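S.K.: Note that the first sequence covers residues 13 to 512 in this note's numbering.
Any given hint might turn out to be false.
[What the hints assert, rightly or not] Below, computed lysine-lysine pairings styled on BS3-like, alpha-carbon distance capped at 25 Å:
no.	residue 1	residue 2
1	K294	K510
2	K68	K227
3	K278	K261
4	K212	K68
5	K187	K227
6	K393	K261
7	K260	K160
8	K197	K16
9	K278	K264
10	K200	K126
11	K70	K369
12	K264	K16
13	K166	K261
14	K70	K35
15	K212	K90
16	K25	K70
17	K200	K160
18	K144	K166
19	K16	K166
20	K294	K68
If you are wondering where the hints come from, they were derived from the structure by calculation, not from laboratory data.
Only a predicted model underlies this, so the values are computations on that prediction, with no experimental measurement involved.
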Amino acid sequence: MSLKVYNTMSREKEEFIPRYAGKVGMYVCGPTVYNYIHIGNGRTYLSFDIIYRYLKYKGYAVTYVRNLTDVDDKIINKANEEGVAPSEVAERYSEAFDEDTTNMRLVRPTIIPKATEHIKEMIEIIEGLIEKGLAYVIDGDVYYEIAKFPEYGKLAHRDLEDMRAGERVEIDPRKHHPMDFAVWKSAKPGEPSWDSPWGKGRPGWHIECSAMSLKYLGVTFDIHGGGRDLIFPHHENEIAQTEGYTGKKFVKYWLHGGMVNIGDEKMAKSLGNIILVRDLLKEYDRNVLRLLALGTQYRSPINFGTDKLKESETAYERLLNVRRRIEDALGAMTVTRMPEKVEQIDRLEGAIDEAKKKFIESMDDDFNTAAALAAVFELVKETNTFIEAYGEMSMHAQDILKKADAMLLELSGAVGLNLTLPGAEEVGKKLPDTIFDLAGDVLGSTDNKGKSELVDEILERRNIARKEKDFATADKIRNGLTQMGIEIEDTPLGSRWKLK
RNA sequence: GGCGACGUGGCCGAGUGGCUUAGGCAAUGGUCUGCAAAACCAUGUACACCGGUUCGACUCCGGUCGUCGCCUCCA
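Let the sequences and hints guide you as you build the complete structure.
M.R.: The structure is reproduced here in structure tokens:
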């Protein structure tokens with residue numbers, strides 16, 4: 013079982029062979045902290061979170077670096093708009109980024125380096141580039157001379173002649189070639205700046221990733237990732253800088269994630285259709301978001317929409333439901349003196365192995381999460397069927413069911429889905445206070461009981477009414493609970509409830 | 001203009017030269033239920049169009065049409 017990844021450089025799926033056996037160095041371009049992240053950003057980080065988790069699941073020791081770009085034109089512009097210091101803007105949105113990614117349940121990278129803390133390293137590289145004749149200085153600016161790097165364009169697969177340089181941006185006539193890019197920018201008054209051999213200034217956008225990846229992951233590390241739109245010019249320029257400086261291959265595998273569209277339009281400020289991660293998380297569970305992302309292979313674009321969220325929400329419910337049913341079945345009394353249903357047991361055991369096999373095969377194929385998810389759902393179905401067909405269970409049957417449950421948790425966990433059922437306390441917090449009124453009506457008193465507990469007791473009262481065929485009372489109670497968003501589920505084993 | 005991606009059943013979305021019932025959502029039917037709801041189960045013969053290769057193509061090749069992305073703001 014070997015992992016294959018699609019390498020943007022070769023445009024092919026390649027067998028993944030890390031530089032050092034068992035260890036992976038992975039660098040993902042982080043955000044420029046000038047605003048809250050939107051779901052496009054979110055998807056990219058989510059994709060690499062999934063990749064990271066799966067690599068760990070495969071047993072690799074992964075060093076995961078994701079930087080923060082905390083000095084940049086956009087940050088300066090924002091600071092000027094608000095009349096505050098750029099560092100204040102950077103700090104505010106760095107914190108916000110941290111909150112958002114935590115709320116998305118993203119694993120914290122091993123290292124989160126900041127650009128402003130690596131100026132020295134960047135200057136060192138720039139000096140090296142100048143020495144080698146790969147960069148030139150003009151009035152305190154330093155430009156990379158792409159004509160001196162014959163392989164320029166190899167990642168994006170373009171020839172210099174094919175590109176219409178300057179078509180969308182005015183060309184600086186001082187540059188040797190229109191496509192030459194800044195590695196160091198001289199500071200204008202009031203801008204954040206650092207001392208350098210070329211006067212006060214700040215780094216160009218691309219140089220930070222060269223400097224920080226080199227520092228923390230070394231020459232020729234394994235995986236470099238980011239959104240598709242970073243292929244050119246950002247990653248192309250990183251290659252020119254780093255390989256020009258070290259004379260060695262920069263990265264083994266280039267991985268790029270697909271974009272998020274809103275409906276079928278591009279998400280863009282000019283279209284006013286930007287959706288922020290933090291806004292979305294107010295309405296939808298983070299697992300729902302993750303499930304939505306898992307439904308599409310990471311390189312493909314996603315046309316985002318409310319309908320998709322709703323679908324994912326339902327699908328996520330299905331996953332939680334099977335765990336509820338397992339929990340109930342395991343909680344029920346075991347029956348020892350009954351013949352085992354050999355056929356059912358064999359079938360579920362087979363399904364457990366099959367699910368894991370298919371899951372790994374799919375993920376090994378360039379992280380095909382959609383297919384991997386299908387494997388999980390197949391196990392869900394088999395588990396449900398088992399529970400339905402088996403009825404009362406022997407110890408042995410329960411053991412098999414525990415295995416199925418463990419596998420569901422293992423596989424979903426490998427891609428960061430959390431199928432933990434909320435505990436009574438947690439649910440209680442979400443219940444409205446009107447539950448006390450209903451409890452007062454139905455039970456007579458509320459004592460000092462927790463909200464969750466009260467719901468249990470109310471439901472018990474309803475079941476007594478049902479047994480006595482007092483359906484008027486039973487329905488009244490049901491209506492009361494429904495109004496609070498509590499969904500009742502009557503099963504042969506008893507009544508359950510959950511908060512919608 | 002250059003480079004690239006894609007066009008799968010109602011929607012989303014995997015996949016393969018001839019056994020995948022992929023999977024999810026929706027829909028329909030059923031089981032369960034006092035009635036419901038929920039839950040669970042069952043059901044879909046789809047691969048843009050035109051040629052070609054082949055014993056056989058949705059899957060390979062060529063062409064046509066269409067959609068989309070990138071070409072120094074961009075995850």
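S.K.: Now tell me, hint by hint, if it's right for this structure.
M.R.: Against the structure, the hints:
Distance check on the hinted pair: K294 and K510 sit about 20 Å apart at the alpha-carbon level, within 25 Å; holds. As the CA atoms of K68 and K227 are separated by approximately 22 Å, the hinted pair is consistent with the 25 Å bound. Proposed proximity of K278 and K261 is contradicted: the alpha carbons are some 34 Å apart, above 25 Å. This hinted pair does not check out: K212 and K68 have alpha carbons roughly 43 Å apart, beyond 25 Å.
With a C-alpha separation of about 29 Å, the suggested pairing of K187 with K227 is violated against the 25 Å cut-off. With a CA separation close to 47 Å, the supplied pair K393 and K261 exceeds the 25 Å bound. A C-alpha spacing of about 16 Å is found between K260 and K160, which places the hinted pair at or below 25 Å, so the restraint holds. At roughly 40 Å between alpha-carbon atoms, K197 and K16 are farther apart than 25 Å, so this suggested pair is violated.
Under the criterion of a C-alpha separation no larger than 25 Å, the hint pairing K278 with K264 is inconsistent with the structure, at around 31 Å. Restraint check for K200 and K126: the C-alpha separation of about 22 Å stays at or below 25 Å, so the hint holds. At most 25 Å may separate the alpha-carbon atoms for a hinted pair to count; K70 and K369 meet this at roughly 13 Å. Distance hint between K264 and K16 is fulfilled; the C-alpha atoms sit about 13 Å from each other, no more than 25 Å.
Between K166 and K261 the CA atoms are separated by roughly 12 Å; this keeps the pair inside 25 Å, and the hint holds. Proximity of K70 to K35 is assessed by CA-CA distance (about 11 Å); at most 25 Å being required, the pair is judged to hold. Restraint check for K212 and K90: the C-alpha separation of about 21 Å stays at or below 25 Å, so the hint holds. For the hint linking K25 to K70, the alpha-carbon distance of about 18 Å falls within 25 Å, and the restraint holds.
Only pairs whose Cα atoms come within 25 Å are accepted, and K200 paired with K160 is rejected, the gap being roughly 29 Å. Straight-line distance between C-alpha atoms of K144 and K166 comes to about 21 Å, which keeps the hinted pair within the 25 Å bound. The suggested pairing of K16 with K166 holds, with an alpha-carbon distance near 21 Å, which does not exceed 25 Å. Only pairs whose Cα atoms come within 25 Å are accepted, and K294 paired with K68 is rejected, the gap being roughly 30 Å.
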